[in-house]
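**Q** One letter stands for each residue in the lines below.
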Amino acid sequence: MRVLALQGFILFGVTFLQLQDIKTWNLVLILLETIVFKALAVPIFLGYLIKRNRMTRETEPYLPHFISLIITTMIVVITVLLASSIRDTHLDKIFFIVSLSTLFTGLYFIASRKKIITHVMGYLMIENGVFVLSLAVGNEMPNLVNLGIMLDVFASVLILGIFLNKIGDVFKDVDVDQLSNLKDY
Amino acid sequence: MMTGTYLLIAFMIAGLLFVNRNSFLNNLLVIVFGVLQTGFTIFACYQYRSTVLEYFTFDSLGLLLLMTLGVVTIPALFHSYLYIRRHDETPQSRAIYFSALIFLITSITAAYLANHIAVIWIFTEMTTLSASMLIYHHRNKLALEGTWKYVFICAISITFVFIGILFLSLSLQHAGSNDLSFANLMAYKDQLNPFWLRLAFLFIFTGFTAKLGLVPMYTAGIDAKDKAPAPTGALLASVLMNLGFVGIFRLYTIIAQTPLFHWANLVIFIAAFLSIFVATVYMTKVTNIKRMFAYSGIEHMGIVMLGIAAGGVGYYAAVLHIILHAFVKSSLFFQFNQLYRTFQSKSINHVGNYFKYNTTGALVLLLGFISATAMPPSGMFVSEFLIFRALFEGKFIILLVIVLFLLTIVIWAFGKNILKILFLPVAGFDEAKVPKINPWESLSQFILLFMAVWLGLNPPSVFVQLIQDAVKYLPK
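Chains A and B, in that order, give the protein sequences. For the working numbering, count along the first sequence from 1 and bump the result up by 8. For the working numbering, count along the second sequence from 1 and bump the result up by 85.
Isolated chain A (complex conformation) (with noise of 0.2 angstroms):
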């Protein structure tokens, strides 16, 4: 979690060092997203969480720790292997391999783990992979797409969070498995 957060910071200051001769409002967007919402407000709110319903720190994976390190690190490896067999002039090389690395190891996250707490820091991961991407792609995004990804980040984060508040309350456990009930026979 605190990683996410050092996360939200990094993605500031990149941004900050990238996007200097945009127009003020423009930039001014970005960084109150960058800096509130991803670096402060979401980790205080899972941290928020996670003391309320009393989770615990094991994760639980299906998958023993060190299996998941190599396939991460493989994931990494793949991802510049990808991006060095593209030529491309409009695309920032070492940000498409960080976004997608980020992107898939939050996709491996969410199959990996059994917690929904982590599901989420899985999916914020990815916001965090296509924030990287958006960046990558290098023109400055127009207004109207930024704007998106603040309602994104925050209408998703904003219900994941209500809701998970709530199956804490419900469930009293935080597990995928007991979410399970809904069935076809």
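Please note: incorrect hints may appear among the correct ones.
What the hints assert, rightly or not - The following label-pair restraints were derived from C-beta to C-beta distances:
1) A:A119 x B:A260: 31 to 39 angstroms
2) B:F470 x A:L77: 38 to 46 angstroms
3) A:A119 x B:H223: 35 to 43 angstroms
4) A:F53 x B:H223: 22 to 30 angstroms
FYI, nobody ran anything at the bench for these hints, they're computed from the structure. We put the CB at the ideal spot given by N, CA and C, even for glycine.
Mind docking chain B on chain A? Use the hints.
**A** Below, chain B without anything else, positioned relative to chain A:
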């Protein structure tokens, strides 16, 4: 001007409903919204092909689906009113329900008309938010589970769509432009970079399947339609699925102009075929009536996308099919509520001999079954037949045979369950508790089913022209 006013008033009504606790004012606002929605639909017909507020265009596809939405909205509001009144809701839960419902309908309207892919994306996100409030209406364990799954899968899908949009903008930058409106994409269609366009299509297609209900992401919709109150389920199973179709279809129209056309068709074929296959498997197993309707929806969306991929007459048939499906499926969901009141159960095992308890309702169910399985008097027979013809003419004979075989199984499973509900008495059922159901409540379903037959068998020439106009950019 008018569009801006519409959006403003609609969102204002949603906001007012949210804070309002008075039951009279609540009903009044809902009626005002019904009038507003109808008025806007009529207004839209006069604004054909004009662009307003820069991001909204009243084109043929948008107009057709908007009219469909207009027709489905009125009974949805009416049945919601009945539903809420019967369940003795607290003023608070009623306020949230109607507010979210109106928010949902308005977002769908805006997304239909949007001519810019980012605008569609934003309003799709809004539909997810409002739909999740509706699904969570009952505030119990199962509703929570359904909502959680829906929100999570939709959030990931919407992120996928965003990644797709980013790739699309990369592809467009090679053409030296960065305006992502569909008109502009169309103008630069020859200069788009194929590699990024390919990735963009994959991501956007995968993302929108959560709304449309095709294979990768269809699971979210099933749980949602099961747990949402039936009048909302009707909207989720009809007009919201059409929203996914809009998202995919508008991009597909661009792709069809590029060398990636055949590859895109292949992707759609795979997704559509797998959808029909999955729907068939679950249809034979399912015992929950609402889920059965939902899986039937998956099967129909598979057929629609087969029509799109097959080309030729398939384009026309696909658009027709998706409109007719919206009418038929929403009427089935509206009827489900009466069924539930009669038997107090969603399981096929506890429901039977419906003709004895509610003759009018049973008639709706029978006609709805005939329509949904595309038997001859129904309009969907025409569109489905045309899609099969398109497959035949496109030389996809093996696929056609397999699909026909799967559909036969679907009809068998669907028929087995529906006929049991209608005729077979169920053991140990206490008849004394069956409430008297007013036959007039079924009127809206009869009208919807009649619309489906009328538009399928004898479509007015304006309607045909609109559909042909919607698919005119696609290769013949």
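**Q** Could you run down the list of hints and mark each one as holding or not?
**A** Results of checking the hints against the structure:
no., hint, result
1, A:A119 x B:A260: 31 to 39 angstroms, "holds (37 angstroms)"
2, B:F470 x A:L77: 38 to 46 angstroms, "violated (56 angstroms)"
3, A:A119 x B:H223: 35 to 43 angstroms, "violated (30 angstroms)"
4, A:F53 x B:H223: 22 to 30 angstroms, "holds (26 angstroms)"
Checked against the numbered hints given earlier, the structure breaks hints 2, 3 and satisfies all the rest.
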